[in-house]
Each structure stands twice: as structure tokens, then as C-alpha cells.
Amino acid sequence: IYTEGEALDLSGLKITASFTGTTETKEIAYPNTDMSFSINNGTQLTTAHNGQTITVTWNNQTAVTAALTVNAADAETPNITDHPDNAGYTVGDTATHLSVTASVSDGGNLFFQWYSNTANNNTSGTKIDGATGSTYTPPTTAEGTTYYYCVVTNTKGQKSATAVSNTAEIKVSPAAPTEYTITFDGNGGTNPAAQTTTGKKLTSLPTSNRSDYSFNGWYTATTGGDKITLDTVFSTNMTVYAQSVSYTHLT
Numbered sequence: 084i085y086t087e088g089e090a091l092d093l094s095g096l097k098i099t100a101s102f103t104g105t106t107e108t109k110e111i112a113y114p115n116t117d118m119s120f121s122i123n124n125g126t127q128l129t130t131a132h133n134g135q136t137i138t139v140t141w142n143n144q145t146a147v148t149a150a151l152t153v154n155a156a157d158a159e160t161p162n163i164t165d166h167p168d169n170a171g172y173t174v175g176d177t178a179t180h181l182s183v184t185a186s187v188s189d190g191g192n193l194f195f196q197w198y199s200n201t202a203n204n205n206t207s208g209t210k211i212d213g214a215t216g217s218t219y220t221p222p223t224t225a226e227g228t229t230y231y232y233c234v235v236t237n238t239k240g241q242k243s244a245t246a247v248s249n250t251a252e253i254k255v256s257p258a259a260p261t262e263y264t265i266t267f268d269g270n271g272g273t274n275p276a277a278q279t280t281t282g283k284k285l286t287s288l289p290t291s292n293r294s295d296y297s298f299n300g301w302y303t304a305t306t307g308g309d310k311i312t313l314d315t316v317f318s319t320n321m322t323v324y325a326q327s328v329s330y331t332h333l334t
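All residue numbers for the sequence shown refer to my numbering, where the first residue is 84 and numbers rise by one.
To be clear, the hints were calculated from the coordinates, so they are not data collected in a lab.
Among these hints, one or two may not hold up.
[As the list claims (entries may be wrong)] Mimicking DSS-like on lysine-lysine, the simulated pairs with C-alpha atoms at most 27 Å apart in a straight line are: (1) Lys242 with Lys210; (2) Lys310 with Lys284; (3) Lys284 with Lys242; (4) Lys310 with Lys283; (5) Lys109 with Lys97.
[To be verified] Beta-carbon label-pair distances, calculated as ranges: (6) Thr209 with Ala131: 39 to 45 Å; (7) Ser243 with Thr126: 22 to 28 Å; (8) Thr164 with Asp212: 48 to 54 Å.
This one's a predicted model, so the numbers in the text were calculated from it and none came from an experiment.
Idealized CB from N, CA, C, for every residue including glycine.
Work the whole structure out from these sequences, hints included.
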């Protein structure tokens, strides 16, 4: 019994020859220079040899061996040399594809299947329909964190073997707003209603009233800081603070 890839070994093979007109027999053992074979010693066997017999010829006489048994070799486990990388995006971004690189040396065929997971492991994910290539582009339509991995299967004949890539963490953050909410803190005075910017600027500046104080404008801090004007460009939601001067300081 052989496994494909092994070499045929005829050591110990013997045939018994008989001679016409006599009862004489002779046992011929391998190796013998006068013997020839339909499959030679040392032949690398494949599954195509399974079930074949070997015809042995000596002195114009032939004998046939029992059928060979050649079992398929186990498929080689794929070697993954490049794993998918972590990445971060905002909603609506165009993601860079995830990829794996794998190989085998046994002539088998490689198949790929990508999975997604809410947990950071490469065992309990959900198969992604249609994601059967060595690359996959993750969606960025919704915020959240998703883990992706690829199962690579080597199929050779009736045998197969698999390897699993590392997980890739893909974080999708909310898209940055195009306009911002500006909150007004009266800093001891009245608090006007918040405003939404237009073109990332305020279209008007309210006032804050505080007894015995004169309103002196809006600033980025309760004291000091930068003064807010209609030309101030905002890049985030922000709270600004009223600064006022006591009337006692105006006399």
C-alpha cells in the first residue's frame, strides 16, 4: 500500500517460472537483470496507478502482480505569508481592500472565503457571501468596529486543508459634520440659545446680560482666550464664553 508521491519498491518480489514438458520450476527474485516490468522500480506513484497491476517478464514468460493500492496524499496546509491590515475610516470613505497572500507546493488549488465578526477572533465570524477572492473591500456605510479574516483552503483531489489569516480591525467613525453647534455660556450672565454655523461661521452674535456688568463679547475661555467674531471659522462643536466688565471698573 502506497501514498501518492512514494516510489515503487519491488524489493522482495519473486515469481515462479515453469518449463514446458517438465515439472521443473524456478523461483526468480528481484533484482534480476533478465526481469522487466510494466512499471519500473522507483517509479513515483500517483493516484492514477491505483488499481493497476505490474506485468513481470522473464525469459519470455509473464506474471501479473496483485493490484497496487495508491492512496491520495493529504493536501498541504496553505502557507499564509501576508495577512490583512487594520485600518480606520469615516462613514462614506472608500476603503482600501484587505488582502491575503498564500501558497502551496503540492499543486493543489487555493480557494478563499472572507468572514466578518463583531468579536476579535478568527473562529466565530459570519461568512460574507461572494467574498471568495484573495482580496476584499470592507464597507464603510455605517459606523462601528468590525473584524475581518480569510479562510484559505487548499484542495487536491479528494483531500483539502485550510489555514486562517489573522483578523484585521476596521473602525468606521462618524463622518465629520459640515456645520457645527456653538453653545453660549453667559459666564455669570444670561445664556443665549445655541446656534448652528453657516459656512462654518456664525451669522450673528448674541449678547449676554449680567447685572452691574457691561458685556464685552464672546471668547474661547472664561478669561483671556481668543475673541469670537463673525469671521471666526469653526472646525468643531464649541462652547464660547461671555466676558463682561464690572461697571465699577468703568468709572
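Checked hints:
Of the pairs offered as hints, the one joining Lys242 and Lys210 holds, with about 22 Å between alpha carbons and a cut-off of 27 Å not exceeded. Between Lys310 and Lys284, the direct Cα distance comes to roughly 14 Å. Compliance with the 27 Å bound is thereby established for this hinted pair. Between Lys284 and Lys242 the CA atoms are separated by roughly 67 Å; this puts the pair beyond 27 Å, and the hint is violated. Of the supplied pair hints, the one linking Lys310 and Lys283 holds, its CA atoms being roughly 16 Å apart against a limit of 27 Å.
Taking the CA atoms of Lys109 and Lys97, the gap is near 10 Å; set against the 27 Å cutoff, the hint holds. Here the CB-CB span from Thr209 to Ala131 is close to 41 Å, well matched to the stated 39 to 45 Å. A beta carbon spacing of about 27 Å between Ser243 and Thr126 agrees with the range 22 to 28 Å that was offered as a hint. Taken as a hint, the range 48 to 54 Å is violated for the pair Thr164 and Asp212, whose Cβ atoms sit roughly 27 Å apart.
Of the hints listed earlier, those the structure fails to meet are numbers 3 and 8, in rising order.
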